[in-house]
Amino acid sequence: KASALEKDQLDLIISCLPDNHHRVIAAVCRNTACRIAEATQLTWSSVGKSEILFTKTIMKGKLHSREIAISNSLEKILNQWRIRWRKNKLRNEKPDDYLFCGRGDKGIKKPISTQAFDLALKAATLKANIKGFSSHGFRRSSLTAAHNNNVPLAHLRAVSGHQSLQVLQEYLAVNDQQKRAVVDSFA
Numbered sequence: 020k021a022s023a024l025e026k027d028q029l030d031l032i033i034s035c036l037p038d039n040h041h042r043v044i045a046a047v048c049r050n051t052a053c054r055i056a057e058a059t060q061l062t063w064s065s066v067g068k069s070e071i072l073f074t075k076t077i078m079k080g081k082l083h084s085r086e087i088a089i090s091n092s093l094e095k096i097l098n099q100w101r102i103r104w105r106k107n108k109l110r111n112e113k114p115d116d117y118l119f120c121g122r123g124d125k126g127i128k129k130p131i132s133t134q135a136f137d138l139a140l141k142a143a144t145l146k147a148n149i150k151g152f153s154s155h156g157f158r159r160s161s162l163t164a165a166h167n168n169n170v171p172l173a174h175l176r177a178v179s180g181h182q183s184l185q186v187l188q189e190y191l192a193v194n195d196q197q198k199r200a201v202v203d204s205f206a
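Numbering (the working numbering), first residue to last: 20 to 206.
Note that these hints are calculated values from the structure, not bench results. Each hint should be verified, as a subset may be incorrect.
Taking lysine to aspartate or glutamate and the EDC-like style, the derived pairs with C-alpha atoms no more than 20 angstroms apart in a straight line are [said to hold, decoys possible]:
| no. | residue 1 | residue 2 |
| --- | --- | --- |
| 1 | K106 | D38 |
| 2 | K108 | E25 |
| 3 | K150 | D137 |
| 4 | K106 | D116 |
| 5 | K106 | E94 |
| 6 | K26 | E94 |
| 7 | K150 | D30 |
| 8 | K75 | D115 |
| 9 | K95 | E112 |
| 10 | K68 | D116 |
| 11 | K141 | D38 |
| 12 | K95 | D38 |
| 13 | K146 | D30 |
| 14 | K128 | D116 |
| 15 | K128 | E112 |
| 16 | K150 | D195 |
| 17 | K68 | E86 |
| 18 | K79 | E189 |
| 19 | K128 | D115 |
| 20 | K129 | D115 |
| 21 | K75 | D116 |
| 22 | K79 | D137 |
| 23 | K113 | E94 |
| 24 | K95 | E70 |
| 25 | K141 | D27 |
| 26 | K141 | E25 |
| 27 | K68 | D27 |
| 28 | K68 | E94 |
| 29 | K26 | D195 |
| 30 | K129 | D116 |
| 31 | K95 | D30 |
| 32 | K129 | E112 |
| 33 | K75 | E86 |
| 34 | K150 | D27 |
| 35 | K141 | D30 |
| 36 | K150 | E25 |
| 37 | K146 | E25 |
| 38 | K146 | D27 |
| 39 | K68 | D115 |
With the hints as extra help, turn the sequences into a complete structure.
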C-alpha cells in the first residue's frame with residue numbers, strides 16, 4: 020500500500036517535483052482523489068468551470084464516469100496551467116487536447132505516460148526524504164484526510180468511485196494516535 024501522508028508532507032513532495040505539468044498532475048490527484056492514469060488522460064473538454072469529468076473511458080474498470088467538484092485551490096492551479104499550456108503550444112487548447120502532453124509531435128496527441136510521472140515523483144520523494152510513497156498515495160492521502168475530518172464514508176465513496184464501502188475502508192490509514200484513542204474510549 021502507498022503511504023498516506025499529512026498535508027505538509029504532500030506539500031513538500033509537490034514542491035520537489037519539476038515546476039511544470041508534474042506539479043499540476045499531483046495537484047489534480049491530490050484534490051480529486053483520482054488515480055494517476057485518470058489524471059494523465061484528462062482532456063480540456065473534461066475541465067468545466069466548477070467540476071472535472073473523469074469519463075468512463077479513462078476510469079479503472081471503465082464502468083461509469085465520475086464528476087468531481089473543483090476546489091478553489093485547484094481552480095487557481097488549473098487556470099494558471101491553462102495560461103502556461105497556451106504559451107507552450109502557441110495556441111489555444113482544443114477540447115480533445117490533453118492537459119498533460121507527452122513527448123513527440125508537440126505532445127498534443129499523446130498524454131504524458133504514468134511512468135514519466137512516476138519517475139519524477141520518485142526523484143521528488145528521494146529529495147524530500149520520504150519513503151514508501153507512490154502516485155497512488157495522493158489518492159490514499161486525500162481520502163484519509165477527508166475521513167479524518169469526519170466526512171461520511173458514503174460521501175467519500177461518491178467522490179472516490181469505489182464500488183463498495185469495504186474497498187474504500189481498506190484505503191483509509193489509521194495511525195497510532197487514532198488506535199490509542201480507540202482503546203482509551205473502551206468502557
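With a cut-off of 20 angstroms on the C-alpha distance, tell me whether K150 and D30 pass.
-> It holds: about 15 angstroms lies between the C-alpha atoms, which stays within 20 angstroms.
Pair hint outcome, K128 versus E112 [Cα-Cα no greater than 20 angstroms] | Status holds; Cα separation ~12 angstroms.
Between K108 and E25, is the straight-line Cα distance small enough, at 20 angstroms or below?
-> This hinted pair is violated, its Cα atoms lying about 35 angstroms apart.
With a cut-off of 20 angstroms on the C-alpha distance, tell me whether K128 and D116 pass.
-> Within the cut-off at roughly 7 angstroms; holds.
Straight-line Cα separation of K75 and D116 no greater than 20 angstroms?
-> Holds, at roughly 18 angstroms.
Regarding the pair K26 and E94, is the alpha-carbon distance no greater than 20 angstroms?
-> The hint holds at about 18 angstroms.
For the pair supplied as a hint, K26 and D195, is the alpha-carbon distance within the 20 angstroms limit?
-> 18 angstroms, holds
When you check the alpha-carbon spacing of K106 and D38, does it fall within 20 angstroms?
-> With Cα atoms ~15 angstroms apart, K106 and D38 stay inside 20 angstroms; holds.
Does the alpha-carbon distance linking K68 and D115 stay inside the 20 angstroms limit?
-> Judged against 20 angstroms, a Cα distance of about 17 angstroms means the pair holds.
Distance restraint between K68 and D116, which requires alpha-carbon spacing of 20 angstroms or less = Holds - the C-alpha atoms of D116 and K68 are around 17 angstroms apart, at most 20 angstroms.
Are the Cα positions of K68 and E94 separated by 20 angstroms at most?
-> 8 angstroms, holds
Restraint check for K79 with E189, where alpha carbons must lie at most 20 angstroms apart | It holds: about 17 angstroms lies between the C-alpha atoms, which stays within 20 angstroms.
Violated hints, in rising order: 2, 27; the structure is consistent with all others.
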